[in-house]
Amino acid sequence: MMKIYIIWLRQLKRYFRSKSRLIGSIIQPLLFLLALGFGFGPIFQKAGGGNYIQFLAPGIIGMAILTTSLFSGAEIIWDRQFGFLKEMLVAPISRLEIMIGRTLGGATVAVLQGIIVFIISLLVGFRPQASFWPLALIFMFLIAILFCALGTTIASLLEDMQGFQLIMNFLVMPLFFLSGALFPLQGLPQIFIKIASIDPLSYGIDGLRASLISGTHFGFLTDFIVLGGIATLFLVLGSYFFSKMEI
Amino acid sequence: MNNIIEVKNLTKKFGDLVAVDNISFNVKKGEIFAFLGPNGAGKTTTIKMLTTILHPTEGQIKLNGFDVVKEPTKVRQSFGIVFQDYSLDDELTAFENMEFHGILYGVPKKIRQERIKYLLKLVELWERRKSLVKNFSGGMKRRLETARGLLHHPKILFLDEPTLGLDPQTRNLIWSYIKNLNKEEGITVFFTTHYMEEAEKMADKVAIIDNGKIIIEGTPADLKEKTKTQSLEEAFINLTGHQIREERANPVDRMRMRRRAGFRR
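Chains Y and P supply the protein sequences, listed in that same order.
Be aware that the first sequence starts at 1, since it is given in my numbering, and climbs by one per residue.
Be aware that the second sequence starts at 1, since it is given in my numbering, and climbs by one per residue.
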């Protein structure tokens, strides 16, 4: 337990010591929230969807968590380049423990980012239903753990930063756009709904939206089981690749 | 069974390049073993395989009775290592780096606190314990790295050029600490160095590797006797110098040369 804790703690320390990371990763979600929120607001209202900021905010919180989580895998590549990875790999600690410590650390950072975006969205006019609070936090954590594990898995297969960036950009956009973060899934063409239902982020956004403003597409339990299941799968997969890693 | 390290027919190939070529050797429990060789001879590659972070192409390694490929976790519980190149976290302080290591290796809290203080004082970094490592000079990082490697007391201690770039005072202090560990706790020490007088003074046994092959093995006295030289340094130059001339014609070297030429273009 101590070993997982120290790996987790290291990541939090690194996060709080890097001010540019703190600020940089908030700018993109903020831009989406303001530009799309106010840009599409009137149309959404006219179409009978109600307040768009209200609908959009959970999606943008999900987006902030998605990007922070996925890119937390980059730290593995930094650690490899700066040599610190060796220090961890020769230590008498199981690869699963390293994977869990790293994932929890990255996830905590991502959830903090999500909370910051949540606070900003409150300033912009988002009004959640207070009674569902704790559930939203749970979904934030599930999204974060899932994508941290995925990011770490991918990073453990790569050696250079450029390749990682490329794959991440290739992943982030489709995951985000096809997740129903920006628009309701109800009433979309069948093919689109099928695609959205294989995007794990859809379940995260759905759960987040359901717990913050009510109205779920897949159902709470489905959201929870799908997210938890895929997160576990990536954790196991990640520790497998981790154990195969050579330096 | 008093061999704590057993290496049998170990080979590592990177594509066509044979970095380690069918080597076998044993290290006895409690021994101080010097693994010497010119740059690029295969020392670090061998250490990487011994310490589970690189898989052998062929051959078998047993550490503390455990197979390195089949039982990596048990092997990792048996050794500690000071790496040749940096493996510190720049964004953490000196103390945090030590603490991280201590916890990862399960050193109990009380012993951990005592040893961190003792070792950081030993390498004269105690005053700087709260500074981020990224603000350290090369020599300070090196000292911290060595101190960190000595924080837990394993059965086998690997030291890949532990005293590189250190001043004689620090080098002496570190060696007397290592010697003491070896004597008091029976820790086996496996080290590489380019300081031949260090190897001659400290090592019970020496192996010299060149072009991926072990060319000689024995006590420093054996080596001097076999080469009819006065010091280990002379013996080393005698042996490896000879070897380079002989090896120049082999295909690996030709390929290496071609590669180098290719890079230049």
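Quick caveat, the hints were computed from the structure, so don't treat them as lab data.
A portion of the hints provided could be inaccurate.
With the C-beta cut set under 7 Å, the calculated list includes, among others, these residues of chain P facing chain Y [what the hints assert, rightly or not]:
hint, residue
1, 53
2, 58
3, 61
4, 76
5, 81
6, 87
7, 89
8, 93
9, 100
10, 107
11, 111
12, 176
13, 177
14, 195
15, 198
Result set (BS3-like, lysine-lysine): computed pairs, CA atoms no more than 25 Å apart in a straight line [what the hints assert, rightly or not]:
hint, chain 1, residue 1, chain 2, residue 2
16, P, 70, Y, 86
17, P, 130, Y, 19
18, P, 74, Y, 86
19, P, 183, P, 213
20, P, 70, Y, 244
21, Y, 86, P, 183
22, Y, 86, P, 130
23, P, 155, Y, 86
24, Y, 13, P, 141
25, P, 8, Y, 244
26, P, 13, Y, 86
27, Y, 13, P, 28
28, P, 183, P, 201
29, Y, 244, P, 228
30, Y, 86, P, 224
31, Y, 13, P, 130
32, Y, 13, P, 109
33, Y, 86, P, 228
For glycine and all other residues, C-beta sits at the position ideal for the given N, C-alpha and C.
Could you check the structure against the hints above and give me the numbers of any it violates, in ascending order? Failing hints, ascending: 2, 3, 8, 10, 11, 12, 13, 14, 15, 19, 21, 27, 29, 30 and 33.
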